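2 protein chains.
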Amino acid sequence: MKTMKISEAVVRRLPVYLRFLNELSKKNVQTVSSQDLGQKLDLNPAQIRKDLAYFGEFGKKGIGYDVDYLIEKIRQILKLDKIIPVALVGAGNLGRALCNYNAYLKDNMKIIAVFDSHGSKIGDTINNLKVKPTGEMKAIIQEQKVRIGIITVPAAEAQHVANQFVEAGVEAILNFAPMIIKVPAEVRVHHADFTTELQSLAYYLD
Amino acid sequence: MKTMKISEAVVRRLPVYLRFLNELSKKNVQTVSSQDLGQKLDLNPAQIRKDLAYFGEFGKKGIGYDVDYLIEKIRQILKLDKIIPVALVGAGNLGRALCNYNAYLKDNMKIIAVFDSHGSKIGDTINNLKVKPTGEMKAIIQEQKVRIGIITVPAAEAQHVANQFVEAGVEAILNFAPMIIKVPAEVRVHHADFTTELQSLAYYLD
DNA sequence: TAGATTGTTAATCGATTAACAATC
DNA sequence: TAGATTGTTAATCGATTAACAATC
Numbered sequence: 001m002k003t004m005k006i007s008e009a010v011v012r013r014l015p016v017y018l019r020f021l022n023e024l025s026k027k028n029v030q031t032v033s034s035q036d037l038g039q040k041l042d043l044n045p046a047q048i049r050k051d052l053a054y055f056g057e058f059g060k061k062g063i064g065y066d067v068d069y070l071i072e073k074i075r076q077i078l079k080l081d082k083i084i085p086v087a088l089v090g091a092g093n094l095g096r097a098l099c100n101y102n103a104y105l106k107d108n109m110k111i112i113a114v115f116d117s118h119g120s121k122i123g124d125t126i127n128n129l130k131v132k133p134t135g136e137m138k139a140i141i142q143e144q145k146v147r148i149g150i151i152t153v154p155a156a157e158a159q160h161v162a163n164q165f166v167e168a169g170v171e172a173i174l175n176f177a178p179m180i181i182k183v184p185a186e187v188r189v190h191h192a193d194f195t196t197e198l199q200s201l202a203y204y205l206d
Numbered sequence: 001m002k003t004m005k006i007s008e009a010v011v012r013r014l015p016v017y018l019r020f021l022n023e024l025s026k027k028n029v030q031t032v033s034s035q036d037l038g039q040k041l042d043l044n045p046a047q048i049r050k051d052l053a054y055f056g057e058f059g060k061k062g063i064g065y066d067v068d069y070l071i072e073k074i075r076q077i078l079k080l081d082k083i084i085p086v087a088l089v090g091a092g093n094l095g096r097a098l099c100n101y102n103a104y105l106k107d108n109m110k111i112i113a114v115f116d117s118h119g120s121k122i123g124d125t126i127n128n129l130k131v132k133p134t135g136e137m138k139a140i141i142q143e144q145k146v147r148i149g150i151i152t153v154p155a156a157e158a159q160h161v162a163n164q165f166v167e168a169g170v171e172a173i174l175n176f177a178p179m180i181i182k183v184p185a186e187v188r189v190h191h192a193d194f195t196t197e198l199q200s201l202a203y204y205l206d
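First to last, the sequence lines map onto chains A and B.
So the first sequence is numbered by the UniProt record's numbering: it starts at 1 and just counts up by one.
So the second sequence is numbered by the UniProt record's numbering: it starts at 1 and just counts up by one.
Bear in mind the hints are in silico, worked out from the structure with no lab data behind them.
A couple of the hints might just be wrong.
Just so you know, same-sequence chains aren't split out, so a pair can sit in one copy or run between any two.
What the hints assert, rightly or not - The calculated BS3-like cross-link candidates involving lysine-lysine, where the alpha carbons are at most 27 Å apart (straight line), are:
(1) K60 to K110
(2) K50 to K73
(3) K110 to K82
(4) K73 to K130
(5) K182 to K27
(6) K26 to K182
(7) K182 to K50
(8) K110 to K145
(9) K121 to K27
(10) K182 to K40
(11) K138 to K61
(12) K50 to K40
(13) K26 to K40
(14) K82 to K61
Model, not experiment: these values are computed from the prediction.
Required output: the full structure, derived from the provided sequences and hints.
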């Protein structure tokens, strides 16, 4: 099963499971069934079992899933069992907001460098990180083995930043700019676009 | 066709079309084909034609789509042809960042009120908006006919804010807190969760 | 007219859900 | 043992893509 291709929909649900399991763990809940999970997360229990079964047999028939064991397994699947260094470009309001999530990301992902191309921002300190000029991006990314890049610059600069990330060897990009960026197929891009999100929400108004 | 139920996937693509069409319009491009659109947006042309055809016959055979006409139509479909008042709760970094997008949202959606429950934030001015105490939420939301609510408070407070939104009569919620919130079925909720986004991205690292 | 491109039907593909034997 | 719940197969459902007649 290890070689089977996993659908994007499945991968997107794993972090949702993980978050809820973490809450259960904090409350010292030992065991959870797909039934329970489905109820809380508004998902079909069969779907949850199937999602997990792609990666192994994590449950016990008649019992359910051990919460802490399942957390460990999902963290492994998502590669969150070791620190992933992240860099962010664009020290505007959104960039600052995301840097301050650093604490929230716990021990797995860490924004370890922040860049901006505008002199006025360079040298600022955000959450203990000094904003550096984009000219230093490549060197720092390679030196610190940054694997994920976050783009929070204006739309017009997004593609340029993406190019720099790719050249520096970043493996995946989370793009907050309202602009589709083109990268080589081996680099994974996710879009997190606040405006499209809001606009599609408007559709559902009466 | 007006009564047919449109899938969520279709609705999520419409704002993406809209954004690209706006760029074309700015460049004075008059006409675009599904071929062109598909190329730029990494989508199948047949899918684009089908998406649009759910709502009417907007194109001309042999020619393509008139850019400005299509913009107008998509704006109507998404109900962006009139101003939609939006309120935001949580004047932290993320909330501030989103308020500053106000300009970007052009004339269709407008964050017209910002609330926070912490005394230290109340009275601050963000992008010409004064942060008000959450106690005033209901009155202001009803008075100003706010239709969409944005939640940018910590996870622990998200459900409480959602309840207040629902009670005040908000029709849809965009939730940035990393927490699933429960609302009555008639209220639409979208989750825009930065951490799950980043975590699913990690899966694709080698 | 010839070339291009839509709108739409039919075919394909993939994801979700139901059902149930296995088993704790 | 009886009850509960998994892992997995089969059935269903829905979304994407291909193909093409209509027509600008």
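Practice task
Against the structure, test the hints numbered earlier, and report the numbers of the ones violated in rising order.
Solution key: When the structure is compared with the hints, numbers 1, 4, 9, 11 and 14 turn out to be violated.
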